[in-house]
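S.K.: Each chain, letter by letter, is given below.
Protein chains: 2
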Amino acid sequence: MENRTLRVFKTTTYREKPNSDELAFGRTFTDHMFVMDYSESEGWHDAKIVPYEPLKVDPAAMVFHYGQSVFEGLKAYLSPKGEPLLFRPRKNIARLNQSNERLCIPPIDEGFLLHALKQLIHIEKDWIPSSEGTSLYVRPVIISTEPFLGVAPSKQYKLVVILSPVGAYYKEGINPIKIAVENEYVRAVRGGTGEAKTGGNYAASLKAQEIAAKDGYSQVLWLDGIEKKYIEEVGSMNVFFKIGDEVVTPQLNGSILNGVTRSSVIEMLEHWGVMVNERKLTIEELYYEYQNGNVQEAFGSGTAAVISPIGQLDWNEHQMVFNGGKTGTLAKKLYDTLTGIQYGQIDDPFNWVEKVLPEEKIDKVG
Amino acid sequence: MENRTLRVFKTTTYREKPNSDELAFGRTFTDHMFVMDYSESEGWHDAKIVPYEPLKVDPAAMVFHYGQSVFEGLKAYLSPKGEPLLFRPRKNIARLNQSNERLCIPPIDEGFLLHALKQLIHIEKDWIPSSEGTSLYVRPVIISTEPFLGVAPSKQYKLVVILSPVGAYYKEGINPIKIAVENEYVRAVRGGTGEAKTGGNYAASLKAQEIAAKDGYSQVLWLDGIEKKYIEEVGSMNVFFKIGDEVVTPQLNGSILNGVTRSSVIEMLEHWGVMVNERKLTIEELYYEYQNGNVQEAFGSGTAAVISPIGQLDWNEHQMVFNGGKTGTLAKKLYDTLTGIQYGQIDDPFNWVEKVLPEEKIDKVG
Chain A
1 MENRTLRVFK TTTYREKPNS DELAFGRTFT DHMFVMDYSE SEGWHDAKIV PYEPLKVDPA
61 AMVFHYGQSV FEGLKAYLSP KGEPLLFRPR KNIARLNQSN ERLCIPPIDE GFLLHALKQL
121 IHIEKDWIPS SEGTSLYVRP VIISTEPFLG VAPSKQYKLV VILSPVGAYY KEGINPIKIA
181 VENEYVRAVR GGTGEAKTGG NYAASLKAQE IAAKDGYSQV LWLDGIEKKY IEEVGSMNVF
241 FKIGDEVVTP QLNGSILNGV TRSSVIEMLE HWGVMVNERK LTIEELYYEY QNGNVQEAFG
301 SGTAAVISPI GQLDWNEHQM VFNGGKTGTL AKKLYDTLTG IQYGQIDDPF NWVEKVLPEE
361 KIDKVG
Chain B
1 MENRTLRVFK TTTYREKPNS DELAFGRTFT DHMFVMDYSE SEGWHDAKIV PYEPLKVDPA
61 AMVFHYGQSV FEGLKAYLSP KGEPLLFRPR KNIARLNQSN ERLCIPPIDE GFLLHALKQL
121 IHIEKDWIPS SEGTSLYVRP VIISTEPFLG VAPSKQYKLV VILSPVGAYY KEGINPIKIA
181 VENEYVRAVR GGTGEAKTGG NYAASLKAQE IAAKDGYSQV LWLDGIEKKY IEEVGSMNVF
241 FKIGDEVVTP QLNGSILNGV TRSSVIEMLE HWGVMVNERK LTIEELYYEY QNGNVQEAFG
301 SGTAAVISPI GQLDWNEHQM VFNGGKTGTL AKKLYDTLTG IQYGQIDDPF NWVEKVLPEE
361 KIDKVG
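Listed in order, the protein sequences are those of chains A and B. Those letters in the first sequence? Residues 1 to 366, by UniProt numbering. Those letters in the second sequence? Residues 1 to 366, by UniProt numbering.
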């Protein structure tokens, strides 16, 4: 971080806040955003909190043409005392730099970005909704802005952090979803960008999701791109299966996202003494175990839904129904415990939660 | 096309045109651009030619986060009579719609876009440089603009066409390049987006290109993402090898770009009676044939360089030098013939070239 000054320019026209019970995901944004620019001569510079407004971007900016961009997603929660809390934000910021590395984007100062995030959330704290299951979604994104049509890493970037108050992911409480194994399309492959949070992975997933949605599925289960047999992810979530007396999740292999909720699930299960096995798992093996009555639960994990039980998984002509299509006890316990910690309602044995303290110094008010 | 009106808003501040001998690739843009918007209710609408200026894009626009974008690249050339010519523009526009289909972007009216392209080029015809090897690069791009953080196809898009006067790709004439086989990183895979011109493919390629450049290579040769043995592309070009008495190029398989120059090379070679074999080709086979003295030439094909001879290809510890590191006769003949047709200097047996006629009607001047 070449210049650690954070300036704040407050808006003069405040937006109306939506009702807590009318919140959707990612459609409403707050009054302010954080922006910071990168140039070769100045490095990351000109960090400031400004009114939320459209970005002015050259039509030749590389992000539009060559997809050089990375992002993160985390949430701020309101504690019972009304304090804003963040869940493991340092892991998201560290992963942002891992994505930067893969996409040839210059690294950001992790401590400064955390500081800036907290300042922004503090300024926008009245936007954090307080109804059960609601939160303030935090979206950092880095885009390549150099106006150049050559295929090469950009020499100019813009980091933007926007905030969106979001409703409970499942309006009627945690609810099992129906998913289908994707046999044709591929999300990511070894040697590709699957482990990075970069736009291209999500763009590649749209077609399969669109087809699955038409067939009545809420997500697809992605298999590996090489042999199309190893289970990788569900939609944009990591995936877990309770098989016999252990919980199995695909091991990180370079094409699976290293989810913060995934890590938290694994650590929590181990804390409870539940055996977790990170390993390769084929769809054939899963079906074999299912037929033998050994698959008791299946669920996805991610920042948006936290835990998403899988009620039904269709694989070609085979249908697997887990736990009678109902939320399993382990999925429910994980959901209750993780959200309890995130909202500061229960003990936090791992010190995962960080307060957004009002006394943190704002360097300079513009 | 729901609304075929094309309005024109001329700039009042004209930019200075660069000298022909100072032109780089994709760094200078002309005075005007074409823009057209898409919404669910209006379809593609509000087509207009406007002064070149930054786009105002919401920071939550999907293109920044989920990479939903497609583009094309073609060139306008000045004929000996000073008429602007386009080379097979309908193939580029058709491919734009094929990319749209893969990326869940609503199709554009191909005839209307061609009309708009020609109008834009006609207005900017003084920007087409006239020195040998120079041209006006035409870049259509479609970006997803809906401000929404859910992973789903956008409901709003913007199509933009910008123009850039470009210099001769090889300042000192056609010149062989040195490339390396990429063993670690993958550009695209079967079931992915390799056949589409979408940002994510190019973002994924940056890291390998950066490493190769440090090692003194101008491009990498991509192998297939599944078995890492079949030759796919070179950098952002298609690739050809003259082996024995035939020319071999990797067959289209869903992860190789269906290049317009690639098609033109194949058709021209067949027109000349040269045998062309579109088939799978492993790097092992190529090396085997090389060792037996059967590989006479290697070259890439693409819009930017047209034909790019490959002087040297390094594969792990193996080094292959083609035609003594010099431009081969076939590559030179293809380059001379294709550029001759593109510039309207020689006979065009396939009617590949289209004139940008000044008399084409401009619907309405704003």
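None of these hints come from the bench; they were simulated from the model. Quick caveat, the model's predicted, so the values are computed rather than measured. Some hints could be false.
No distinction is drawn between identical chains; accordingly, a pair holds when it is met within one copy or between any pair of copies.
[Unchecked claim] List of simulated lysine to aspartate or glutamate pairs, EDC-like, C-alpha gap at most 16 angstroms:
hint, residue 1, residue 2
1, K155, E210
2, K207, E101
3, K56, E101
4, K207, E110
5, K155, D37
6, K207, E195
7, K155, E101
8, K333, E83
9, K48, E354
10, K10, E110
11, K280, E354
12, K91, D37
13, K118, D215
14, K333, E195
15, K118, E317
16, K326, D37
S.K.: Look at each hint and say if it fits the structure.
M.R.: Outcome of the hint check:
no. : hint          : result
1   : K155 <-> E210 : between (35 angstroms within a copy, 13 angstroms between copies)
2   : K207 <-> E101 : between (27 angstroms within a copy, 9 angstroms between copies)
3   : K56 <-> E101  : neither (26 angstroms within a copy, 28 angstroms between copies)
4   : K207 <-> E110 : neither (34 angstroms within a copy, 22 angstroms between copies)
5   : K155 <-> D37  : within (11 angstroms within a copy, 29 angstroms between copies)
6   : K207 <-> E195 : between (20 angstroms within a copy, 14 angstroms between copies)
7   : K155 <-> E101 : within (14 angstroms within a copy, 31 angstroms between copies)
8   : K333 <-> E83  : neither (25 angstroms within a copy, 73 angstroms between copies)
9   : K48 <-> E354  : neither (22 angstroms within a copy, 50 angstroms between copies)
10  : K10 <-> E110  : neither (24 angstroms within a copy, 46 angstroms between copies)
11  : K280 <-> E354 : neither (34 angstroms within a copy, 55 angstroms between copies)
12  : K91 <-> D37   : neither (22 angstroms within a copy, 38 angstroms between copies)
13  : K118 <-> D215 : neither (42 angstroms within a copy, 42 angstroms between copies)
14  : K333 <-> E195 : neither (28 angstroms within a copy, 44 angstroms between copies)
15  : K118 <-> E317 : neither (49 angstroms within a copy, 51 angstroms between copies)
16  : K326 <-> D37  : neither (48 angstroms within a copy, 44 angstroms between copies)
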